[in-house]
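**Student:** For reference, the chains in residue letters:
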Amino acid sequence: MKILQQLREEGRAQDMTALIEHIPYARFLGIRVDRKGSEVTTVLPFRDSLIGNTMLPAIHGGAIGAMLEITSVIQLLFDSSCERLPKTIDISIDYLRSGRPQDLYGRAIVTRQGRRVANVRAELWQEEKDKPVAACHGHFLLTPA
Amino acid sequence: MNPKLKRPDLDKMPPHAQAIGIEIVGVEGRTVTVRVPYAEHLIGDPDTGVIHGGVMTTTLDNASGWAIRCHEDWTQDTSMATLDLRIDYMRPAIPNEDLVVQAECYKLTRNVAFVRGLAHQGDPDNPVASSTAAFMLGTPSGPRS
Chain L
0 MKILQQLREE GRAQDMTALI EHIPYARFLG IRVDRKGSEV TTVLPFRDSL IGNTMLPAIH
60 GGAIGAMLEI TSVIQLLFDS SCERLPKTID ISIDYLRSGR PQDLYGRAIV TRQGRRVANV
120 RAELWQEEKD KPVAACHGHF LLTPA
Chain X
0 MNPKLKRPDL DKMPPHAQAI GIEIVGVEGR TVTVRVPYAE HLIGDPDTGV IHGGVMTTTL
60 DNASGWAIRC HEDWTQDTSM ATLDLRIDYM RPAIPNEDLV VQAECYKLTR NVAFVRGLAH
120 QGDPDNPVAS STAAFMLGTP SGPRS
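Listed in order, the protein sequences are those of chains L and X. In terms of numbering that gives the first Met the number 0, the first sequence opens at residue 0 and continues consecutively. In terms of numbering that gives the first Met the number 0, the second sequence opens at residue 0 and continues consecutively.
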């Protein structure tokens with residue numbers, strides 16, 4: 000059973016928490032989705048296994064990149080009904096500040112959605128939203144198979 | 000092997016790299032090779048069993064950092080921070096097969112290191128993903144005040 004199809008049939012097409020729970024890697028990171036009306040915020044609660052630099056300490060750049068990618072895909076799925084999970088074509092990440100050992104929050108905007116490709120921008124922050132930790136823009140393939 | 004090569008302590012794996020399961024394969028010249036064994040918790044698409052792009056991001060970022068430490072002009076006590084990382088995804092990784100990532104620091108300047116990376120599953124001519132990254136060198140190595 001395809002996960003998106005299953006959620007749609009259960010009337011939970013926009014239940015991003017249910018989707019996240021079906022993705023092993025998102026569960027492994029511990030990502031949660033906080034939805035307030037039409038606004039979706041992803042949350043990555045801090046845990047020691049996210050550390051990439053023990054001296055600072057700082058969250059691993061890879062975990063930050065993964066969080067940006069998942070935030071982008073969640074927004075894309077929330078905004079539109081996709082037949083299948085979008086495939087990342089490319090992602091370009093700017094690291095703006097080191098990720099402190101605290102929770103991370105993410106928001107994304109779909110800047111353009113075409114028939115085959117969507118352009119998405121995402122940003123992560125910790126204590127202050129206007130002091131972003133990282134930002135990305137990515138291209139995602141929407142066509143089935 | 001280049002006698003000038005300052006082999007860094009690559010066994011000191013950050014917690015997040017350990018959680019992903021990254022293993023060092025070897026260092027040859029300026030190229031570092033690592034491997035990520037296929038694992039359940041790395042799956043990004045439950046319908047196909049394909050591992051998540053975030054695993055590639057983490058492994059490419061980590062291997063890129065190690066590649067800098069293997070550059071002949073690297074000084075042991077320099078710290079670094081990823082400035083930007085761009086990843087192109089060429090094809091989904093085949094489930095149940097290990098991921099091999101190679102990273103090469105092809106230019107090291109006083110302030111910035113430039114690194115390219117490639118992820119494949121045994122055949123570098125059939126890559127899963129490639130990356131280009133810039134790292135700032137000489138960044139603070141202690142906790143921020």
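Take the hints with a grain of salt, since some may be wrong.
Claimed, not checked - Here are the simulated SDA-like cross-link-like pairs (lysine to any residue), alpha carbons at most 25 angstroms apart as the crow flies:
#1 L:86 to X:34
#2 L:128 to L:80
#3 L:35 to L:56
#4 X:11 to L:7
#5 L:35 to L:115
#6 L:1 to X:93
#7 L:128 to L:5
#8 L:128 to X:141
#9 L:1 to X:45
Simulated from the structure, these hints should not be mistaken for lab results.
**Student:** Hints numbered earlier in the text: which of these fail when held up against the supplied structure?
**Tutor:** 2, 3, 4, 5, 7
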